[in-house]
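Peer 1: Work out the full structure: start from the sequences and follow the hints.
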Amino acid sequence: MEKKQILIVDDDPAILRLLSTNLKARGYEVITATDGEESLEAVQRDFVDLIILDLMMPRVDGVEVCRRIREWSSVPIIILSARGDEKDKVKCLELGADDYLTKPFGIAELIARIKTAFRHRGDPAVAPAQSNFNFDGLEINFAKRRVTVDGHEVTLTPTEYSLLQHLAVNSDKVLTHSMLLQSVWGNEYSSEKEYLRVFVGRLRRKLEPDPKSPKYIQTIPGVGYHLSTVR
Amino acid sequence: MASESILVVDDDRDFLEIVSLILAKKGYEAKTCSSAQEAMTRFKERFYHATILDISLPDANGTELLTRILEIHPDIIAIMLTGHSSVQNAIESLNRGAFAYLEKPLDPDNLMSVIDRGLEKQRLVLENRQLMDELERHNRIANTLLSVSQAVSQSLDLQQIVDAALERVAQSTGLEVGFIYLNDNDRLVLRGHRGLSRKLAQSMLKETAKDSGTIGRIFTQARPAVIEKLSRYTEPDLGFLCAGGYQSFAGVPLTTVPSENIGVMGVATSFTHCFSQGNVDLLTRIGREIAIAVRNAQLYEAASSAKSLKELDAMRTEFLANVSHELRTPLAVIKGSANSLLQPDVIFDEQTRRDFLVSIDKDADTLTRLVDDLLMMSRLEADALEIKKFPHNIEMVIGSLRDRLESLTIKHHLRLEIPDDIPQVKMDEGRISEVLTNLVDNAVKFSEDNTDITIKVESNDAELIVSVSDQGFGIPADVHQKIFERFFQGDGRKNGRRKGTGLGLAICRGIVETHGGRIWVESEPGKGAKFSFSLPLH
Chain F
0 MEKKQILIVD
10 DDPAILRLLS
20 TNLKARGYEV
30 ITATDGEESL
40 EAVQRDFVDL
50 IILDLMMPRV
60 DGVEVCRRIR
70 EWSSVPIIIL
80 SARGDEKDKV
90 KCLELGADDY
100 LTKPFGIAEL
110 IARIKTAFRH
120 RGDPAVAPAQ
130 SNFNFDGLEI
140 NFAKRRVTVD
150 GHEVTLTPTE
160 YSLLQHLAVN
170 SDKVLTHSML
180 LQSVWGNEYS
190 SEKEYLRVFV
200 GRLRRKLEPD
210 PKSPKYIQTI
220 PGVGYHLSTV
230 R
Chain H
0 MASESILVVD
10 DDRDFLEIVS
20 LILAKKGYEA
30 KTCSSAQEAM
40 TRFKERFYHA
50 TILDISLPDA
60 NGTELLTRIL
70 EIHPDIIAIM
80 LTGHSSVQNA
90 IESLNRGAFA
100 YLEKPLDPDN
110 LMSVIDRGLE
120 KQRLVLENRQ
130 LMDELERHNR
140 IANTLLSVSQ
150 AVSQSLDLQQ
160 IVDAALERVA
170 QSTGLEVGFI
180 YLNDNDRLVL
190 RGHRGLSRKL
200 AQSMLKETAK
210 DSGTIGRIFT
220 QARPAVIEKL
230 SRYTEPDLGF
240 LCAGGYQSFA
250 GVPLTTVPSE
260 NIGVMGVATS
270 FTHCFSQGNV
280 DLLTRIGREI
290 AIAVRNAQLY
300 EAASSAKSLK
310 ELDAMRTEFL
320 ANVSHELRTP
330 LAVIKGSANS
340 LLQPDVIFDE
350 QTRRDFLVSI
360 DKDADTLTRL
370 VDDLLMMSRL
380 EADALEIKKF
390 PHNIEMVIGS
400 LRDRLESLTI
410 KHHLRLEIPD
420 DIPQVKMDEG
430 RISEVLTNLV
440 DNAVKFSEDN
450 TDITIKVESN
460 DAELIVSVSD
470 QGFGIPADVH
480 QKIFERFFQG
490 DGRKNGRRKG
500 TGLGLAICRG
510 IVETHGGRIW
520 VESEPGKGAK
530 FSFSLPLH
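If you read the protein sequences in the order shown, they are chains F and H.
Quick note on numbering that gives the first Met the number 0: the first sequence kicks off at 0 and runs consecutively.
Quick note on numbering that gives the first Met the number 0: the second sequence kicks off at 0 and runs consecutively.
Hint data in this document are derived by calculation from the structure and do not stem from the laboratory.
Quantities reported herein were computed from a predicted structural model and do not represent experimental measurements.
All clues given are correct.
List of simulated lysine to aspartate or glutamate pairs, EDC-like, C-alpha gap at most 20 Å:
no., chain 1, residue 1, chain 2, residue 2
1, F, Lys172, F, Asp135
2, F, Lys3, H, Asp344
3, H, Lys410, H, Asp448
4, H, Lys209, H, Glu259
5, F, Lys2, H, Asp344
6, F, Lys86, H, Glu317
7, F, Lys23, H, Asp354
8, H, Lys24, H, Glu3
9, F, Lys114, H, Asp344
10, F, Lys23, H, Asp348
11, H, Lys455, H, Glu428
12, H, Lys455, H, Asp420
13, H, Lys526, H, Asp448
14, H, Lys529, H, Glu484
15, H, Lys361, H, Asp371
16, F, Lys205, F, Glu70
17, F, Lys23, H, Glu349
18, H, Lys30, H, Asp10
19, F, Lys90, H, Glu317
20, H, Lys529, H, Glu416
21, F, Lys3, F, Glu28
22, H, Lys361, H, Asp440
23, H, Lys334, F, Glu108
24, F, Lys205, F, Glu93
25, F, Lys23, H, Asp344
26, H, Lys25, H, Glu3
27, H, Lys387, H, Glu428
28, F, Lys214, F, Asp149
29, H, Lys444, F, Asp34
30, H, Lys455, H, Asp440
Peer 2: What follows is the structure, given as structure tokens:
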């Protein structure tokens, strides 16, 4: 299998060196960029499977890079930040980042998150037995990973797609927060309710005609979510 | 009831006697005289409500006499007496302002009815005039209040309000002297005065206790006070008015509507007995307008200082966020490197293991430097940096730094321009060396290899100026000030260079300013930068 290519963006050379040594040692191809502009060029020029992005950078900062990449690409983005603020975290996730790690972090933790991100990209082996899902204008073709609403194609990031697929396959079942977090993200995420809230919000903005009164993904307050096909 | 007074002027003495009897009987105060000359003397002495004038007097034409009387007493009721032959004259006198004319021989009833009607008319005229006067007075008061209130409400600056109020009070009341004391922490503090010579103003009490003197009493009792004749018995807080020859004084409390007392306004003139109840009422109401404006200004002041506290708090939060960010970056390298070595899934080769250890070592140094810088910064901000100043020759100071500077600029050309006749200057050698090293280090960071870095020393009568210039990327003008603020990070550092702590120039500025000097930068993008600092010679 071809090696996956990871772009690391950080203005600190020591961090770049540290990360690339570790990722290369685990079989990934690595390219690096030291500021936001360079990183945007790299994403356009090279085929990149995942981006590890520092928030505080000269010229174009991480938040802006994230926003611009999401305009045309659904490549997984993991944010690295020296700010541990919950607000920053939610902001980045809402802008389309897939994950958020606060400096300093452990290498094993970073590797686990990279693996989680790749899992969302879809391994045909984990595609569900049924071939498609169809309800009230929402259509999911599991084989092609294609989502349409009233016939219009909707572009989802891998993480968004994973979450939607999980809800659809288990439609009409109530899925608790921790069940969803564990099966879509992984065991170590089971208490990251913020992730779930942000990603459900992102899905609703893309799928629902009126995100404020959703018809597909229903909130069960204090418990979790379900995709209900019963009126 | 005070009876109306009537002067009867006729040369017929019998007639005068009879008429005065009739008038007296009806309750009027009747006076008589028999010539125009005598009549004028009487009219000049006092006011008569009415007069009965014979139109043909021996020494004057009655019509002309009427004219002269009306000049003195425009409101007098004049009744002309005519013979049957002089009706034409009578009509002339009506035109000139007589109330009526009666033909001789007089019918007493007719006379009385004309007099009654005349005096009734006069009463109405006088009453109307009084009403008009009253109205005008009210208008004047309203205008004065409006003018004061407009003047004081145009500003939220306490001093401006006090000055504008005193100016308006002087303009609209004509009072020569005005002053205002405001309550401040249980003392009454002089906040403004107007119309006093400098010498007198200097002799005023700058502040006075609430429980003493005339001013204190006006404040405590919240009641106006008037001194109609200032004298040596006047209390000391108004002594300056006596010294200035002022005669009367009025003081009113400055009270907001919900009766909160915030101070006292005093006024004085060089006339005695100048303040009627009406004046004092007006001053009290002016005081209320001033009080409201002053209160607003005080509230605004309190609110703005709360705002600046908030800003300070926001700055502190930002500072902590910055510190946390700066600490986390080297910590991430240290933890990441150590953690890499501990991972069971990968065994790194010897060289890579060594690289990790080097990273740990270097970033531990970075952390140490950062902590040192932070401590230095907090000492500078608390004004707690100890500097030991001794006279030094700057050439010697740079000389002993030479090795250090050479090693920093190993890829650049370091040039020194130091004239021979540079005077000694008092400085903390260690701290100034730090500043120089920092400036040279910055020059290296922000300019290409093989370019010049020049240290130049100059002096004038007042100060020694040391500058470090490079041929680097330069600094845009809009950050020439900001660059000296803590945590400001300039762009344009050479590729692969680590960021500094963002505290270097802030510390340089702190050290230089602690020495009484200045630090500044001259630069244009692309044309290099020149950082200079000065040290006072004396």
